[in-house]
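> Note that the protein sequences, when read in sequence, are chains G and E. Position 470 (the first sequence) corresponds to 470 in the working numbering; numbering is contiguous. Whatever position you read off the second sequence (first residue = 1), add 1000 for the working numbering.
None of these hints come from the bench; they were simulated from the model. Where hints are given, some of them may not hold.
Below, computed lysine-lysine pairings styled on DSSO-like, alpha-carbon distance capped at 30 Å [said to hold, decoys possible]:
#1 G/Lys591 / E/Lys1124
#2 G/Lys706 / E/Lys1178
#3 E/Lys1241 / G/Lys211
#4 G/Lys118 / E/Lys1048
#5 G/Lys36 / G/Lys752
#6 E/Lys1059 / G/Lys116
#7 G/Lys118 / E/Lys1076
#8 E/Lys1118 / E/Lys1067
#9 E/Lys1076 / E/Lys1059
#10 E/Lys1046 / G/Lys116
#11 E/Lys1076 / G/Lys36
#12 G/Lys384 / E/Lys1046
#13 E/Lys1097 / G/Lys384
#14 E/Lys1059 / G/Lys36
#15 G/Lys706 / G/Lys36
#16 E/Lys1097 / G/Lys118
#17 E/Lys1076 / G/Lys116
#18 G/Lys752 / E/Lys1170
#19 E/Lys1067 / E/Lys1112
#20 G/Lys241 / E/Lys1241
#21 G/Lys118 / E/Lys1170
#22 G/Lys36 / E/Lys1170
#23 G/Lys597 / E/Lys1170
#24 G/Lys118 / E/Lys1059
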Amino acid sequence: MRSNRSGLGSVLASFCLVILAFAPAVAQEEQTSEGKDVGNYHVNQSLEFGWRGTSISGNNDVYDTFVNLGQGFREFNQSLEMRSLNHSGGLFDNLSLSNFGYGGDPNDVSMLRVSKNKWYDFTGTFRRDRNLWNYDLLANPLNPTTSNPTVIVSFSPHDMALTRRMTDTNLTLMPQSNFRVRLGYNRNINQGPSLTSYHVGTEELLFQQVKTTVNAYQVGFDYRGVPRTNFSYDQFLNYYKNDTTDQDGALFLQLANGQLVDPGISWDTKNNVPCKTPIANSGTTPPTYSSNCPGETNLWRSQPIRTSYPTEQFSFQSNYFNNVDMAGRLAYTSADARVDAFDELFQGFESRTLARQLQTTGTAAIQRVTSTGDYAVTWTVTPKFRVVDEFRFDYFRIPGQNNLSSSNLFAVSLTTAPVVFNPANCPPPYTASTCPTHNTSSEADSGTAIASLYLGQDAKTNTFQLEYDFTKRFGARLGYRYGHRLIDQRNVEVDTSTYDPTLTTSKGNVWPGTGPCAGVALNADGSCTVTGLSSASLANFAASTTINEHSLLAGFWARPTDNFRLSYSQELFYADNTFTRVSPRQLQHYKLRASYKPQQWLSITGTMNLLEARNNVSQIFHIEHTRNAGFNVTAAPNDRWSLDGGYNYTGVFSQTNVCFIFGSGPPPPGFPACPIIGSAVPLQGISIYNSTLSYGYFDFMVKPVKRVTMRAGYNIDHVTGNTLILNPNSPPGPLNFDYHRPTASVDVDLAKGVTWRTAWAYYDYNEKDSATDPIGPRSFRGNLVNLSVVYSF
Amino acid sequence: MDPRTKVTRIFPTVTLILAMYLIGAGLLLAGVPSNTKPSVASQAFKGKPEDYVGQDTCKGCHDDMFKNWEQSPHWKTTLNHKGVEWQGCEACHGPGKAHADAMGEAAGDPAKIEAAKKLIYSFKGEPAQEISKRCLSCHTYGEEHSNFARQAHNINNVSCIDCHSPHYAKADYLLVQKQPLLCFSCHNEVKADFSKTFHHRVNEGLVKCTDCHNEHGGFLTHQLRSTASQDMVCFKCHVDKAGPFVYEHAPVKTEGCVICHTPHGSPNPRLLKRSQVNLLCLECHTFTIDAGAPSIPSFHNQSAKYQACTMCHPMVHGSNTNRFFFR
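Take the sequences, apply the hints, and build the full model.
Pasting the structure below:
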């Protein structure tokens, strides 16, 4: 979608006129926001309300994904502070309320904090996030232009327009007393339309109505009756509901009989996707799809999930013993998830298996049992020397089981009615035309599948550290961390499948001479029932992985002068095993931070963060690094001007040996055969990802006269990189782009407590090469102008 | 492997380590000002009742500070019934009688005034451990502060008053600056992360640093918080990824979300670590004898289609009904 959303000329002209009209008012009165006394309260209030104008050109979908600020009237900001003058208000002593974004912005936030000294403290937050997401490269099939017809998918098949509403409330009763009560309630709703894809024969586009809800409750107590010690107990209950449904979302072709059909989003006729000649008649509206090709005429899926997560937690913190600081926590969660009614119906045609209708129903039940424990102690041996130990165990196990029943029908094309097996109409020798049709890839006509899976991890970590403060200005530490992980996976699946007799003339088969029923005693109606795994690829397995991890920790802090601070830390890590190929066996992490404040108004900070990791064992050779360095300068010598600016560099590199299939066409140059035994066909390559990100910014403020505040700023991301490109249709994507965001604003104090604000922001996203790729361009430009009035007292 | 690559990789690492330890040793040996002997004031954090004078005496000289303090939450210390040592200015600064008396007797003599100033704990230039210890003598409630002594801020000499200003706060919770600017003032690499094209909405004000990190400690690495059910903090918002599932994508649970995502920000969609999803998948799901991830089947032709594995396997975080994460 590319358009120019609105003209900005009139907006800018209005803005200039408004500025000129108000110019004489400049420098007459000084704005204050000291607040005023109302009854027993001192009140400060501020409200910024106005209008935003936008002019967007280029790819609006990417603009919405990145920015999504629209045009219209907005409450840009509001805040209210109330404080009891004598610390003895009626219902509350202090109240703080703030809001922003209401009126149409994607992010709306309200925060409320109310307290009455020793009686209660309440905090509440409401946040709404409207997440429009459509970056077309994600999950795009990248259909080649050699396909006939050429079908270019110019949106992300996984786009979304979701709204998440999060409410968090917490109430503490008697916050000052030795026994206090904490109550909490949180609610998180995520809902809206989205797209997803489903692989049955082709990749069909599905329309989802997403709706997930979490209600979380908390009751907690703190007891501080023992000197310098606090005990806490909390009971949590989270209840999760997922009522997302899926249905076909792209019935954009028709069959010869007029029925609408979804041929899927992958189109590469040269490689028989969805088939060699998918369009039977292009002269109809919509075009007529070939009935021998895979497609979908109807899909419905519902799998409501209900999960409860009750958690009990005990924690403490104590300085009861001299020079010993201790803290600990024990928590136990036993989560239960249930899918009581999974229901999926596919109607269409899968040419590989001749499936014409697939219906699956069933249930699932899963548990997650988690127990964690932490104990940490610091022993201050001398005022300068401390011994620290932290121990953690983290154990979880997730046993899950589903029980699915399937009932399938088969036919030879999209327009052929499937035949339901009826022994009366299909007697031996199964040559009647009323017998069902299958092929050797057809799945069972009906069956049940019970899968029991288990994933568990038992992890223990202990960190021992010595800390020594050599002087008040220099301290160092040295430590060792040991970690042990045991990961268990188990999978047992039993399928009971019933195969109905196959039309004997089909593919020359003689029922039951071939196929899964060969050698199996037939049922009375001629069908056979087979128990076991339906496919060799679904092998049952049990595996466990043990990993021992060792880290050498070191670091120091220094404060050579009152104005200069420095801190450094490092971790040298080694593991004797990994769970994934990209998990490190060796890792080094170095962090350096420095800040220098030569004057009260001048601050310079710098950081360096280096992460080097590798799993360079035979056949993996995974190496990666993330190297980051940056600085920031802030200068505010007086209230007339200030400057904030900085630069940050990040270099990300990764390479891993991968072996992959390159089934047709010439392989890319330099790709040798995969050396893995038994894998002569797949090719080997090095998956390289190299990205360099430079980020620079400044924000300059000046007050040329008392009543005018002017700001100018600039943010820029400059990204370059390269990666292994396997798919010749794949554009480089976000590997090379510039993202400019200049800003400017003028505040004019019109009267006491009234400020006219004009702000401009510009977004210029320039994804290089995207202008020429088939699904591009993904670049956009956006001009935004905010005209607002700030009223405060 | 090209030996030059190895040297290039090792050289900056070794240089950095050496540089850091040279700086550290240099600072130690150069005789940086050493004042390790605790002051009289810091030794006497809690004194005898007769050593206290009450906040009204403080107000006499420190009127502007008193005014700010009186409007702050710390005024509530005056309601504390445990004793005068827990009330008012002296709850933090320690007993003030010696200081007040000495200031009275100084009668304008600069030397005596300087000496009198040292009789009260002023926080300025004091070690972070000592400063934080004073704050924590009251702020020990609950899990939020419980592991403060061992967290990264504390062990790197960052104290409570580097972020909080009891007298001149500019934001709620007595912060010297609002989030995220306060955090960015030291962690400026994170500012760059949140400015990337795909990022969590921290700059926009929707998400705060403290939603995911416990700035006061906690028990997890990176001072991360966890959900109430002890799961990764990501699942507090991304609840549909939490499971539990019949078919778990095991690394999500064992290695964490960061095995595939960069949580602060990324130039890649969905905050992924790679620009192309298929390469991210292939790095684990490849033909190998080294690790347990299932290898890709032979019909997954990388030359013509299957650009994104997630097109057929959209439920990559876990599924209840399909082992291949189709639905």
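> Confirm or reject each hint.
Quick rundown of the hints versus the structure:
In summary, the hint linking G/Lys591 to E/Lys1124 is supported, as the alpha carbons are separated by about 27 Å, within the 30 Å threshold. Between G/Lys706 and E/Lys1178 the CA atoms are separated by roughly 25 Å; this keeps the pair inside 30 Å, and the hint holds. At roughly 13 Å between alpha-carbon atoms, E/Lys1241 and G/Lys211 fall within 30 Å of each other, so this suggested pair holds. About 26 Å separates the Cα atoms of G/Lys118 and E/Lys1048, which keeps this hinted pair within 30 Å; it holds.
For the given pair, G/Lys36 sits about 13 Å from G/Lys752 by alpha-carbon distance, which is consistent with the 30 Å threshold. Proximity of E/Lys1059 to G/Lys116 is assessed by CA-CA distance (about 25 Å); at most 30 Å being required, the pair is judged to hold. Annotation: proposed proximity of G/Lys118 to E/Lys1076 holds, straight-line Cα distance about 8 Å (limit 30 Å). Straight-line distance between C-alpha atoms of E/Lys1118 and E/Lys1067 comes to about 23 Å, which keeps the hinted pair within the 30 Å bound.
For a cut-off of 30 Å, the pair hint linking E/Lys1076 to E/Lys1059 stands: about 16 Å separates their Cα positions. Annotation: proposed proximity of E/Lys1046 to G/Lys116 holds, straight-line Cα distance about 28 Å (limit 30 Å). Between E/Lys1076 and G/Lys36 the CA atoms are separated by roughly 23 Å; this keeps the pair inside 30 Å, and the hint holds. For a cut-off of 30 Å, the pair hint linking G/Lys384 to E/Lys1046 stands: about 21 Å separates their Cα positions.
For the given pair, E/Lys1097 sits about 29 Å from G/Lys384 by alpha-carbon distance, which is consistent with the 30 Å threshold. A C-alpha spacing of about 23 Å is found between E/Lys1059 and G/Lys36, which places the hinted pair at or below 30 Å, so the restraint holds. This hinted pair checks out: G/Lys706 and G/Lys36 have alpha carbons roughly 23 Å apart, not beyond 30 Å. Among the hinted pairs, E/Lys1097 with G/Lys118 is consistent with the structure: their alpha-carbon atoms are about 28 Å apart, no more than 30 Å.
At roughly 10 Å between alpha-carbon atoms, E/Lys1076 and G/Lys116 fall within 30 Å of each other, so this suggested pair holds. Simply put, G/Lys752 and E/Lys1170 have alpha-carbon atoms about 22 Å apart, close enough for the 30 Å limit, and the pair holds. Note on E/Lys1067 and E/Lys1112: the hinted pairing holds, with a Cα-Cα distance of about 27 Å set against a maximum of 30 Å. Pair hint G/Lys241 plus E/Lys1241 holds up; C-alpha atoms about 12 Å apart against a cutoff of 30 Å.
Annotation: proposed proximity of G/Lys118 to E/Lys1170 holds, straight-line Cα distance about 24 Å (limit 30 Å). Restraint check: the Cα-Cα separation between G/Lys36 and E/Lys1170 comes to about 18 Å, which is no more than 30 Å; the hinted pair holds. Distance check on the hinted pair: G/Lys597 and E/Lys1170 sit about 20 Å apart at the alpha-carbon level, within 30 Å; holds. Distance hint between G/Lys118 and E/Lys1059 is fulfilled; the C-alpha atoms sit about 24 Å from each other, no more than 30 Å.
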